[in-house]
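There are 2 protein chains.
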Amino acid sequence: MSSGTSRYESPFGAPEGAVPPRLVVVGSIAYDSIETPHGKRERVLGGAACYFSWIASFYTRVGLSGVIGRDFELELLSPFRERGIDLSGVQSDTENDSFFWRGRYEGDMNSAQTLETRLNALGVYEPTLPAHYRKAPFVFLANTHPAVQNAVLDQLDEGAFSCCDSMNFWIENEPDELRRVLERVDGFFCNDAEARSLAGTTNLIHAGRKLLELGLKFAVVKKGEHGALLFHREGVFGIPAFPTKDVKDPTGAGDSFAGGFMGALAAAGEAGAEQLRAALFEGTVMASFTVEGFGLERLFALDEGSVAERRRQLRDFLPKAD
Amino acid sequence: MSSGTSRYESPFGAPEGAVPPRLVVVGSIAYDSIETPHGKRERVLGGAACYFSWIASFYTRVGLSGVIGRDFELELLSPFRERGIDLSGVQSDTENDSFFWRGRYEGDMNSAQTLETRLNALGVYEPTLPAHYRKAPFVFLANTHPAVQNAVLDQLDEGAFSCCDSMNFWIENEPDELRRVLERVDGFFCNDAEARSLAGTTNLIHAGRKLLELGLKFAVVKKGEHGALLFHREGVFGIPAFPTKDVKDPTGAGDSFAGGFMGALAAAGEAGAEQLRAALFEGTVMASFTVEGFGLERLFALDEGSVAERRRQLRDFLPKAD
Numbered sequence: 064m065s066s067g068t069s070r071y072e073s074p075f076g077a078p079e080g081a082v083p084p085r086l087v088v089v090g091s092i093a094y095d096s097i098e099t100p101h102g103k104r105e106r107v108l109g110g111a112a113c114y115f116s117w118i119a120s121f122y123t124r125v126g127l128s129g130v131i132g133r134d135f136e137l138e139l140l141s142p143f144r145e146r147g148i149d150l151s152g153v154q155s156d157t158e159n160d161s162f163f164w165r166g167r168y169e170g171d172m173n174s175a176q177t178l179e180t181r182l183n184a185l186g187v188y189e190p191t192l193p194a195h196y197r198k199a200p201f202v203f204l205a206n207t208h209p210a211v212q213n214a215v216l217d218q219l220d221e222g223a224f225s226c227c228d229s230m231n232f233w234i235e236n237e238p239d240e241l242r243r244v245l246e247r248v249d250g251f252f253c254n255d256a257e258a259r260s261l262a263g264t265t266n267l268i269h270a271g272r273k274l275l276e277l278g279l280k281f282a283v284v285k286k287g288e289h290g291a292l293l294f295h296r297e298g299v300f301g302i303p304a305f306p307t308k309d310v311k312d313p314t315g316a317g318d319s320f321a322g323g324f325m326g327a328l329a330a331a332g333e334a335g336a337e338q339l340r341a342a343l344f345e346g347t348v349m350a351s352f353t354v355e356g357f358g359l360e361r362l363f364a365l366d367e368g369s370v371a372e373r374r375r376q377l378r379d380f381l382p383k384a385d
Numbered sequence: 064m065s066s067g068t069s070r071y072e073s074p075f076g077a078p079e080g081a082v083p084p085r086l087v088v089v090g091s092i093a094y095d096s097i098e099t100p101h102g103k104r105e106r107v108l109g110g111a112a113c114y115f116s117w118i119a120s121f122y123t124r125v126g127l128s129g130v131i132g133r134d135f136e137l138e139l140l141s142p143f144r145e146r147g148i149d150l151s152g153v154q155s156d157t158e159n160d161s162f163f164w165r166g167r168y169e170g171d172m173n174s175a176q177t178l179e180t181r182l183n184a185l186g187v188y189e190p191t192l193p194a195h196y197r198k199a200p201f202v203f204l205a206n207t208h209p210a211v212q213n214a215v216l217d218q219l220d221e222g223a224f225s226c227c228d229s230m231n232f233w234i235e236n237e238p239d240e241l242r243r244v245l246e247r248v249d250g251f252f253c254n255d256a257e258a259r260s261l262a263g264t265t266n267l268i269h270a271g272r273k274l275l276e277l278g279l280k281f282a283v284v285k286k287g288e289h290g291a292l293l294f295h296r297e298g299v300f301g302i303p304a305f306p307t308k309d310v311k312d313p314t315g316a317g318d319s320f321a322g323g324f325m326g327a328l329a330a331a332g333e334a335g336a337e338q339l340r341a342a343l344f345e346g347t348v349m350a351s352f353t354v355e356g357f358g359l360e361r362l363f364a365l366d367e368g369s370v371a372e373r374r375r376q377l378r379d380f381l382p383k384a385d
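Chains as they are written, first to last, in this note's numbering: chain H, 64 to 385; chain B, 64 to 385.
These are computed hints drawn from the structure, not numbers from a lab.
Some hints here could point you the wrong way.
A pair holds if it fits inside one copy or across any two, identical chains being indistinguishable in the list.
[Said to hold, decoys possible] In silico BS3-like links for lysine-lysine, alpha-carbon gap of 25 angstroms or less:
{"no.": "1", "residue 1": "K280", "residue 2": "K198"}
{"no.": "2", "residue 1": "K308", "residue 2": "K280"}
{"no.": "3", "residue 1": "K308", "residue 2": "K103"}
{"no.": "4", "residue 1": "K308", "residue 2": "K383"}
{"no.": "5", "residue 1": "K198", "residue 2": "K383"}
{"no.": "6", "residue 1": "K198", "residue 2": "K273"}
{"no.": "7", "residue 1": "K198", "residue 2": "K308"}
{"no.": "8", "residue 1": "K383", "residue 2": "K280"}
{"no.": "9", "residue 1": "K273", "residue 2": "K308"}
{"no.": "10", "residue 1": "K103", "residue 2": "K383"}
If we strip away everything but chain H, and leave its shape as in the complex, we get (with noise of 0.2 angstroms):
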């Protein structure tokens, strides 16, 4: 803050009305540059909010809330505004440069190696939500420092189901505050190693059951090529990741995984156990697109059409149910 007034900006307007979002997601918008087996990107468009929400749109009316730099080129979220993304939430910093993250995949590419990390503006930013987004009834907080994650919390209406990620350098440097966000949110959403870590235990489907005893109503955990495993109140449901030959670059997997899954929920409006099963289901088929290209290339080009298809096919590569 300098002097008194505001260093954000919000460049974009509320759209008409400002009507909710029925799903509001608070997370990154980066640079991104990326190097895989398959080739190298620089500074292409990246951060869990831009994956998450472009993924959620083919489902219901997003809301993207998070921080840009002074370097930050408005016109890369055009095509997020072309399909009725409410960036009002997106708030432009005129201080500091946009966060900034350089990673290399190897071999099986299950993990990245980050070899760069500038939080730059992400450093300092404590999201403010619009009115508007407050009264979302679904929300989901990204990857961040989980006191962010909890003053997001704070903002929100009584009744929206919330639902966040974290990774392990929280679960080891903030045990604590991220506890307490745990506590207050319907869902969390972590790999393997994390479940693994938080639980305290080497089995993960015991894991998947002690981070449920933390009040959360259902636990996801990711497992790259393995698909994911999620727990809830009623029991576990599993699937396999669907079987992409050409992986390209594994970057945002996790986040378009959890934009279709809460994207699924938020367009059911409820988030039963047969709710729950079929956000499964689509968080699997949006993350297998996002593998297919660099950033979000293939996410850019993605319509209905190939979506339902996906859908065949990911049912055709499952077992039958009887």
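Go by the hints and put chain B onto chain H.
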């Protein structure tokens, strides 16, 4: 061979009429000493052929072929005989002890640490199939030296649908002999590391497809707690592992999986895409029991009712197809 007479005896006679089994398994019969975080057992019955034949007997008429040593307590196989498993292919080596394996599982128990292997009788054994085994329509060659697998294939009727397992040791040390096996059999079972190693590629979907190029009708890639993939000529199927809460001992899970899979195929009498998909489900059901006890403990107590209930539980765990 000592002084012109075979040192092998056949302690079990053929069943009346020597009716050919629907499914023959050729593989190890062992004494296993196992240690896991949940306990330990000394010199319990083990070996791929024991797990496989016990499980497969829930589906079809099974014939077991394998060698036991002079130290072997024959009554260990009484339960097999009582279940109607044909033991006339079990040969006793009068000069050597039984195959012995000592292993330990730690942490997530995804892979065994071999502490001791004494091949004993298994190291010098070449199976001779009883005449009525050679007419079996389905045959499974459990992991052993690929030259032995080839020698068994030589004994089979031409129309037999044959499948095999192998291990990294043979992939590395007998690649040519193993390749000759893979060019002759219809189906192949391996784990994910073996698939990657055999195909020379890190992407499992690529690896599975490359295995088919050897002429296989299908390849199953077993991924332990992450389930299994099935590659066949029309596509790929995937299934997550059953979410077992208390894995006591993973020994034999892969062989039980194969037993359920091949048992289902043998019962169906054909191996088209739909039968393979159903077989993948059955393998997953059956492997889930094996890990619930040490050695064959849980399997000896298994009944049709528990299997039916587990099928229902696995269906509930999987994503709905629609």
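Hints violated by the structure (numbers, ascending)
The structure conflicts with hints 5, 6, 7 and 10, although it agrees with all the remaining ones.
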